[in-house]
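**Q** Chain by chain, the residues:
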Amino acid sequence: KNEVEQSPQNLTAQEGEFITINCSYSVGISALHWLQQHPGGGIVSLFMLSSGKKKHGRLIATINIQEKHSSLHITASHPRDSAVYICAVSYNFNKFYFGSGTKLNVKP
Amino acid sequence: GAVVSQHPSWVICKSGTSVKIECRSLDFQATTMFWYRQFPKQSLMLMATSNEGSKATYEQGVEKDKFLINHASLTLSTLTVTSAHPEDSSFYICSARRTQGGTGELFFGEGSRLTVL
Chain D
40 KNEVEQSPQN LTAQEGEFIT INCSYSVGIS ALHWLQQHPG GGIVSLFMLS
90 SGKKKHGRLI ATINIQEKHS SLHITASHPR DSAVYICAVS YNFNKFYFGS
140 GTKLNVKP
Chain Y
1136 GAVVSQHPSW VICKSGTSVK IECRSLDFQA TTMFWYRQFP KQSLMLMATS
1186 NEGSKATYEQ GVEKDKFLIN HASLTLSTLT VTSAHPEDSS FYICSARRTQ
1236 GGTGELFFGE GSRLTVL
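First to last, the protein sequences are chains D and Y. The opening residue of the first sequence carries number 40 in my numbering; numbering runs sequentially from there. The opening residue of the second sequence carries number 1136 in my numbering; numbering runs sequentially from there.
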C-alpha cells in the first residue's frame, strides 16, 4: 500500500503570497494528480504528472520521481484560491491513494 | 474540458430506503469510473472501480451488497445505497477516465451528499 503524505495540513496566507504544498509517497507510481476541492465539495483535477513540471496560469506542479515527492505552487495567491488541495497517486491509472489534503485559506 | 455530472447533488432519505446516485460522462466515453466516499474533514476513500459491462471491483471493507454499482454504458455508472442507515450519510463522489484519446486524467463529478435520517 502506498502512503501519501501531504504538508502542511492547514495553510493561511495573505493575498499575493507564493504558496507551496508538498506531497510525498512511498511506492513507485504511474502518475500523480493534484486536485482542488471547493467548500461545496466539487473536485477539479488541476494536474496529472508523470515527470517534470507543468504550469497552468498561476499554478505550477513539479514531481521528482527519484525522491517520490511533488509540490504544488501557487503564485500571486488570491482569496479565490482558498480550497482544499489533494494529492493523489495512481498505479496503472486504476488504483488511487489520496493524501489527507491541505486546507488553504487566502486572506484579502 | 471533459465534464462528469452527478445526480442528485444532495438527497435526504429515511432509514431503510435505497438511494441511487448517477454518474455520467457528458462528452466522452469512460470504460472505467470510480466511486469515492468522503467523511467530514477527511480525504477521499476509493470505494470501488466500476467497469462497463462487468462487475465492479470493490475495495477491502466495502460491502458490495450494500453499495450496488452498475456500469451499463460507456457514459453512465450508478451507485445504489441499499437499506440506507444514518452511518451511510456521507459525501459520495465519482470520477471517470476518458477511454480514448485521453491521457489518463481523471474528471470528477460534483459529488452527492447523502443524509439518512
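Bear in mind the hints are in silico, worked out from the structure with no lab data behind them. Idealized CB from N, CA, C, for every residue including glycine. One should not assume that every hint holds.
Claimed, not checked - Cross-link-like lysine-lysine pairs, in silico, DSS-like; alpha carbons within 25 Å at most:
{"id": "1", "chain 1": "Y", "residue 1": "Lys1190", "chain 2": "Y", "residue 2": "Lys1149"}
{"id": "2", "chain 1": "D", "residue 1": "Lys94", "chain 2": "D", "residue 2": "Lys142"}
{"id": "3", "chain 1": "D", "residue 1": "Lys146", "chain 2": "Y", "residue 2": "Lys1176"}
{"id": "4", "chain 1": "Y", "residue 1": "Lys1190", "chain 2": "Y", "residue 2": "Lys1201"}
{"id": "5", "chain 1": "D", "residue 1": "Lys107", "chain 2": "D", "residue 2": "Lys93"}
{"id": "6", "chain 1": "Y", "residue 1": "Lys1190", "chain 2": "D", "residue 2": "Lys134"}
{"id": "7", "chain 1": "D", "residue 1": "Lys146", "chain 2": "D", "residue 2": "Lys134"}
{"id": "8", "chain 1": "Y", "residue 1": "Lys1201", "chain 2": "D", "residue 2": "Lys134"}
{"id": "9", "chain 1": "Y", "residue 1": "Lys1199", "chain 2": "D", "residue 2": "Lys134"}
{"id": "10", "chain 1": "D", "residue 1": "Lys134", "chain 2": "Y", "residue 2": "Lys1176"}
{"id": "11", "chain 1": "D", "residue 1": "Lys107", "chain 2": "D", "residue 2": "Lys146"}
{"id": "12", "chain 1": "Y", "residue 1": "Lys1155", "chain 2": "Y", "residue 2": "Lys1199"}
{"id": "13", "chain 1": "D", "residue 1": "Lys134", "chain 2": "D", "residue 2": "Lys93"}
{"id": "14", "chain 1": "D", "residue 1": "Lys142", "chain 2": "Y", "residue 2": "Lys1149"}
{"id": "15", "chain 1": "Y", "residue 1": "Lys1201", "chain 2": "Y", "residue 2": "Lys1176"}
{"id": "16", "chain 1": "Y", "residue 1": "Lys1155", "chain 2": "Y", "residue 2": "Lys1201"}
{"id": "17", "chain 1": "Y", "residue 1": "Lys1155", "chain 2": "Y", "residue 2": "Lys1190"}
Unchecked claim - Derived contacts from chain Y toward chain D, CB cut-off under 7 Å, selection only:
{"id": "18", "residue": "Leu1181"}
{"id": "19", "residue": "Ser1218"}
{"id": "20", "residue": "Glu1222"}
{"id": "21", "residue": "Leu1241"}
**Q** Quickly compare the C-alpha distance for Lys1155/Y and Lys1190/Y to 25 Å and report which way the hint goes.
**A** Holds, at roughly 17 Å.
**Q** Would you mind confirming whether the straight-line C-alpha gap from Lys1190/Y to Lys134/D stays at or under 25 Å?
**A** holds, 16 Å
**Q** Between Lys107/D and Lys93/D, is the straight-line Cα distance small enough, at 25 Å or below?
**A** holds, 17 Å
**Q** Go through the hint on Leu1241/Y and say holds or violated, using the shortest Cβ distance to chain D against 7 Å.
**A** Holds, about 5 Å.
**Q** Does Lys1190/Y pair with Lys1149/Y here, judged by a C-alpha cut-off of 25 Å?
**A** violated, 28 Å
**Q** Between the alpha carbons of Lys107/D and Lys146/D, is the straight-line distance 25 Å or under?
**A** violated, 31 Å
**Q** With a cut-off of 25 Å on the C-alpha distance, tell me whether Lys1190/Y and Lys1201/Y pass.
**A** Given that 25 Å is the threshold and the Cα spacing comes to 14 Å, the pair holds.
**Q** Tell me if the straight-line CA distance from Lys134/D to Lys1176/Y falls inside 25 Å.
**A** holds, 22 Å
**Q** Does the structure keep Lys146/D and Lys1176/Y at a Cα separation of 25 Å or less?
**A** Status holds; Cα separation ~21 Å.
**Q** Holds or violated: Lys134/D and Lys93/D, Cα atoms, limit 25 Å.
**A** With a Cα-Cα distance of about 23 Å, the restraint between Lys134/D and Lys93/D holds, given a limit of 25 Å.
**Q** Given the proposed pairing of Lys1201/Y with Lys1176/Y, does the C-alpha separation stay at or below 25 Å?
**A** holds, 24 Å
**Q** Checking hints one by one. Is Ser1218/Y an interface residue toward chain D, by the C-beta closer than 7 Å rule?
**A** violated, 25 Å
In summary, the structure is inconsistent with hints 1, 7, 11, 14, 19 and 20 from the numbered list given earlier, while agreeing with the others.
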